[in-house]
Amino acid sequence: GEQVEQRPPHLSVREGDSAIIICTYTDSATAYFSWYKQEAGAGLQLLMSVLSNVDRKEEQGLTVLLNKKDKRLSLNLTAAHPGDSAVYFCAVSGDSAGNKLTFGIGTRVLVRP
Amino acid sequence: GPKVLQIPSHQIIDMGQMVTLNCDPVSNHLYFYWYKQILGQQMEFLVNFYNGKVMEKSKLFKDQFSVERPDGSYFTLKIQPTALEDSAVYFCASSLGRGGQNTLYFGAGTRLSVL
Chain A
1 GEQVEQRPPH LSVREGDSAI IICTYTDSAT AYFSWYKQEA GAGLQLLMSV LSNVDRKEEQ
61 GLTVLLNKKD KRLSLNLTAA HPGDSAVYFC AVSGDSAGNK LTFGIGTRVL VRP
Chain B
114 GPKVLQIPSH QIIDMGQMVT LNCDPVSNHL YFYWYKQILG QQMEFLVNFY NGKVMEKSKL
174 FKDQFSVERP DGSYFTLKIQ PTALEDSAVY FCASSLGRGG QNTLYFGAGT RLSVL
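As they're listed, the protein sequences go chains A and B.
At position 10 of the first sequence the residue is numbered 10 (the numbering used here), and the sequence of numbers has no breaks.
At position 38 of the second sequence the residue is numbered 151 (the numbering used here), and the sequence of numbers has no breaks.
These are computed hints drawn from the structure, not numbers from a lab.
Remember, it's a predicted structure, so these values are computed and weren't measured experimentally.
No false leads were slipped in.
Heads up, incomplete: computed chain A residues facing chain B, CB under 8 Å, no partners named:
#, residue
1, G41
2, A42
3, G43
4, L46
5, N99
6, K100
7, L101
8, F103
9, G104
10, I105
For every residue, glycine included, the Cβ atom is placed at its ideal position computed from N, Cα and C.
The following block holds chain A by itself, in its conformation from the complex (with noise of 0.2 Å):
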């Protein structure tokens, strides 16, 4: 089945740096990507997916990039701040697996002021 790898499990950068999280999947069927943030007693949160005809997505200051041929996933926090101090996971699934996301094993990132 698939499987998700995550890195690095632990970031620490300064305020104003970028951030970045890398996720390799073995799957090359896997049609979902998706990154969620979970803040301290909360549950998970969506930032961003993409499906598999997108490259490069960009929301708010987080950048979403899909490298289909080395299935890779990354995911950039531009200017990070306080706020986005969490722990963040990618989740991807098939197109016939419904909502059967495999997850990686996410990565706390701690932003410093």
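Starting from the known structure of chain A, arrange chain B on it as the hints suggest.
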């Protein structure tokens, strides 16, 4: 935005007892899910549920597990009897439709500790 509530946030029980984890999904959602995350490991799919039936389940969804949503109330995960390896955080989610383009809304999780 829409919220999924999970009750309780932490449950401690003795091995062999029964436990029921409660989830209050988004009110107009039709599809419901449970995921399990053992400490230090990835969150893993357990089961999804629609129209009163289990649609898909993973190998983690043991015979001791069951789900239901009686009369549109809480969506519940029952474990009977519990085992030590059931200790984990259980996340509930709901969505309006199915297919990868539908947004799943997740609760904050219930931490289950089996002693």
